[in-house]
Structures are given as C-alpha cells and as structure tokens.
Amino acid sequence: MKNLAAAAGLAAVLVFAPLSAGAQDLTLTIKDHKFTPSEIKVPANKRVKLTVVNDDITPEEFESKQMKVEKVIPGKTKAVVRIGPLKPGRYPFVGEFHEDSAKGAVIAE
Amino acid sequence: MLGALIIVFREVIEAGLIIGIVMAATRGVAGRGRWITYGVVAGVLGAVIVAFFAGAISQAFEGSGQELFNASVLGIAVVMLMWHNAWMARHGREIADEMRQIGADVSEGARSLTALAVVVGLAVLREGSEVVLFLYGILASGTSGMALFTGGVLGVVVGAAFTALTYFGLLAIPTRYIFSVTSWLIALLAAGMAAQSVQFLYNAGTVNVLGTTVWNTSWLLTENSIFGKLLHTLIGYTEQPTQLQLIAYLGTLAAMYLLVRFARHQPHDRELAAPAE
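Those protein sequence lines, which keep their order, are chains A and B. Quick note: the first sequence, position 35, residue 35 per the working numbering, numbers continuous. Quick note: the second sequence, position 173, residue 173 per the working numbering, numbers continuous.
Since the hints were derived computationally from the structure, they do not count as laboratory data.
If the Cβ cut is set under 8 Å, some of the chain B residues that face chain A in the computed set are:
hint	residue
1	Ile7
2	Gln199
3	Gln240
In silico SDA-like cross-links for lysine to any residue, where the CA-CA straight-line distance does not exceed 25 Å:
hint	chain 1	residue 1	chain 2	residue 2
4	A	Lys49	B	Gln243
5	A	Lys46	A	Ser64
6	A	Lys49	B	Ile57
All C-beta atoms, glycine included, are put in the ideal place defined by N, C-alpha and C.
Next comes chain B alone, as it looks inside the complex (with noise of 0.2 Å):
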C-alpha cells in the first residue's frame, strides 16, 4: 500500500507544484478558482481519456505518438506561461495595487487566467494520465487490489496537500513582492518543460541533433529522489542534460525576457482607467 502510495504521490506532486504555483500567481484575481477548477476537472476527464486511448496513441506516428503527444502538451503549457508572464508585466502592478488598496477581489484577469486553466489541465493531463493507467494495472491485476488502490487514492489526497502546502507557502511572501516570485518560478517552470520538451522531440526522432550530454550531476542530486523531483519541476533540473536541453532552458527564459520588457513597454490597451502613476 505504501508502495502504490509513493508511486502516486510522486506522479502527482508535479501537478501539485504547478497548480501551488498558478494560485500564488493569480492571488486576489476574481475568478481564479473557478477557472482552476475547470482546468482541474478537464485535466482528469483528459487523463482518463488519454489513459484508455495509450495504446492508440503510443502507436501513433510509427510508435513515437506517446512522445509527440507530451511533447506537444509541454510546448503548448510553455507558451500559456510565457503568455501569462507577459500579461503580468503589463498589468500586474494595477492588480497589486488594487489588493493593496481594497484589500479584495479584482476585476481584471479573465484572460490570462484561461491561459493558467490550460497549463493547470495540461499538468493534471499529463501526469493524471499515468495515474489513472497506474491504478487500473492494479485493478486489472485483482491480486491484493484494494490495498494498492487505497494506497493510490492516498497519493492523490498527500498531492492535493503538498498543493495547499505549496500554496499557503508562497502566500507567506509579501503582497509588494508575490507577483515578482511567482513571475521568476513561472519563468523557470516554463524553461524546465521547454528542455523535457525538446527531450521528448528528440526521443521520438523528430529531432536528431544535438544529443550530447553535457554534465552529469548524478554524484550530487539524483532526479529519482523526491528532492530532486521537485527541482526538476520547479527549474527544470535535470541530472545528464544534454545540449539540445541547454538551448532550449536558456532559449525559453531569454524568450520570456524579451516578451516580459516588450510588453512592460508598451503602451496599455485600455487608457480610461489609471493616469500615470
């Protein structure tokens, strides 16, 4: 039972970190919680279709269906953040200095809370789907099944709580501060599923270039261990990168700066509401 508890919790705490995240990002935003809701419940209803469509899916594309398809799901997931982010240099004060002023909900946000509902389903998608074909292994096995699949269920509830943990952590930073942290693990967020990414492309043979390893920091923090599991998903840790991982990490954090101080720079869309400040 505790078996099946780890491997669960261990699958879900990636979706746990991000959904921690994108609440502390969306802090004070009217609405959040309905839309993480929806990006919650259409996470699961994917990961159970993606779950009895695997093997349909693994034998897509001469066998490389699986590997496209969290390639794409990781891709899509990382222009949502860069979008996010963008949106957030843009208005983000206004938002802070509302919180600050009435101390309630705002008004603003709606769409760049559609982009956070994706990357909440996306995460939920990807990870919830190895879940689900996890736990019905164990059904389908029938040996000793309901222990195992308590042990399951309670890897789930652990990940929910390691979100609200994640959550109620990152509200302990100051309001002046909060969206500048968010943005920054946002950021990294992004890099790190841009490198699984590309890792992902290149397993499936789309990419074949560029597959050198660059270093090993196995000695030092291993990726199996929950530490360097949650650095994994947090900056993108990554043991063996290789060089196609590097370009795509630094890529995608050069990318999200350049998009951040051009939108920072431009000239807001709607002038009626705050003078200069």
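Just chain A, with the same shape it has in the complex (with noise of 0.2 Å):
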C-alpha cells in the first residue's frame, strides 16, 4: 500500500491551472458523415476551442494524431474540443468512424 500511496503523491505533483481565458470559440458541424466546414483557420500558437456539433444520429469520433485530439460526440450532441498551440501549418482530422467521407484540416495561421 505504500506503494499506491507513493504513486498518487507522484500523481499529485502535476501542475494544475485554471482554464485559460480568452480561448476563441469555432465551431464545426457533422452532418451525413461530412464536416462543415471542411476547413476551418484558426490562430497559430494559441489554445483554441472548437466546438464539434454533431447533427448526424450516429455516434462519431471527432481525431486527429497531429493535433492529439480524440473524442467520442454521440449522436445528436455537441462537444468541446481544446486544441493548439499550433505552430502554423495544416492539421488534418478525420471522423473515425466513417473516415471515407468525414474528413477535414485545421489551418493554423
């Protein structure tokens, strides 16, 4: 048990912040399987919000690698995404679940 103990003290260490203000707020919309946009900009070098609103009445999952995002939305919800800071540059993400034709970037400039 001291163990345990030793690792959650560890656990503990981690910084801990309050919410970043000021983050901007984007949205993007799944709807048959498809982003709207399928582009979206945002700043470069900045924590961004996107906001992914899932209008579809499938499950999907909003990922990207490059951006280290991966979120289930259940159907007919919306959910926050916290991305960045992006150097400049594009950052492809995919629905997971019907990666054929949900697919889009964040441009970061």
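Combine both chains into one complex, guided by the hints.
Next comes the structure, spelled out in structure tokens:
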C-alpha cells in the first residue's frame, strides 16, 4: 500500500492551472458523416476551443493524431475540443467511424 | 464490411496487446485465468454502460468529462501496473523458482492478480466503449447494417486472435527471462499510458502548461499505421510528443525503477517460506 501512496503522491505533483481565458470559439458541424466547414482557420500559437456539433443520429469519433485529439461525440450532441498551441500549418482530422467521408483540416495561421 | 472490421480491430488491438502481456506476466500463477476473465467481463459490461452514458459523460465537467474520464482510467491503470511490478520484484523469483521445480501452478500471487485484473478491465472498458458506440451507430443508421455489423464482430474476433498471438509469442521466451521481459513491457506500457493520460488532462484544460511539441517523427512512422499503433500501445510511441508527455513518460519510468528497487530491498512479509537463497 505504501507503493500505492507513493504513486498517488507523484500524480499529485502534476501542475494544475485554471482554464486559459479568452480562447476563441469555433464551430464544426457533422452532417451525413461530413464536416462543415471542412477546413477551419485558427490562430497559430494559441490554445483554441473547437465546438464540434454532431447533427447525425450516429456517434462519431473526432480524431487527429497531429493535434492529439480523440473524442467520441454521441449522435445529436456537441462536444468541446481544445487544441493548440499549433505552429502555422495544416492539421488534418477525421471522423474515425466514417473515415471515407468525414475528413477535414484545421489551418493554423 | 472490411472497413468495419478494420475500425473495430484498430480499437481492440490495444486492449488485446495488454491482455496478452498480462497473461504472459502471470504465467504459472494459480487462478490467473479466472481473474483475467473477471477483468474482461467487467470491462465489457463497463464498456456498455460507458457507451450508454457517453452523452452524459461528455457533458460533465463543462464538456471535459470524457477527457477527465479517460485520464483517470489511464492513471489508475498506471498505478496498478506500478504496483504489479513492485510486487513482482519482491516475489517474482520465488514464482519462477517454483515454476521450474514443479512445472505447475503456484499458489502465490492473488494480490497482484487483482491489480492486473483491474488493468485488463480498464483497457477493455476504454477501447470497448468505442467499439460499442461504433457498432451501435451502424445499427442505428439501419442502412446495410448487417454486413457492417458482421465486419465489426469479426474485428473483435481478429483482435482476440491477436491477443493469443501476443501471448504465445511471449511464452516462447524461456522461463528464466520471462518475468524480466514482462516487467520491462509493463514498465513501458505504464509510461505510455501516463503520457496519454496527461494529454487527456491537457485536452480537458486541467493542465495548461508544457503543451509544446518536442519533435515530429511522422515522416518515419505514423500513429495511424498498424505498426505505429502497436508501438503506441507497447512503448507509448507518439509521433509528436509534447513536453508534458515526455515528462510523464520519463517520470513514470523513473518512479517504476525506484519502486522496484525499493521493493526488492525490503524484507519479505513472510519469512516462513524460504530461508536465504
């Protein structure tokens, strides 16, 4: 049990900070397994909050390895995804459950 | 159908690897089959429940519920894996000795099995809930559902076969080395999980520092490829790790090392069994 306590103590050393204020709000919508808009511009080198609205009745997983995001969005719900700070560039994302059609990219500039 | 198979297999592969390693790590320990089965069954039940409440979990904590949930699940698994390795450092040699002598099950190990059953359960829970949601989505959309659904179920079967492959692959390692190999695998597994866990905390907005990407090896190996995915689970390969992830990864390995050393040098609880080796 001593080991457990030591490990828990280590976890508590993690830095906790309040939510950064002033993050910009941007919205993506999933409809018929497609993203609208399919490309979205965000400011570079900043934390950004994306709102992803799933208008389909089926669940979707918003995923981007490049942006290190992985989030399940059940049908007819919306989710908030925090990304960045991103260096300027193009960051593709997919809806993992319908990868053929659900594709898009975040452009950081 | 093939598409569904691949999607489900990709989700199942991580849990499959973990179960394979856990099974190899508990080789020869009595009752391990039962405990691992408990873990899998609890994980599947949990996955269905989590999938059912996916909406509620997502909305919790101002929309960060899912990230916090994943971070906690991974965090608990890391602690359990540490505990297991510390425990093995203390008792592993006895188990290996007994296995060599009698070539049969040893009675030791129930406590560590609980920790590993939890790890198995959590792995199945996390990946399984996504599979359940995906399959539910296919059923809900109605169109050409049956072929896709069959593909999905086949994906689970292929994942199970993969677990068996991992397990028998590890069993090929001589008894003498198997516990040190599995201890290393478990240490790297835990470090990778810790790195994933802190990223979820970062995505949740709980942690807002050290988010800078340190390097990018996507040109060499992408995490989307099957090999990339395997390495991601096995050693925590990340194509673009952040400072935070790197610290968590190295910190977990260091903590694991210290714990194991500490456990090894502690006197045993029970001195009745074996005199000095």
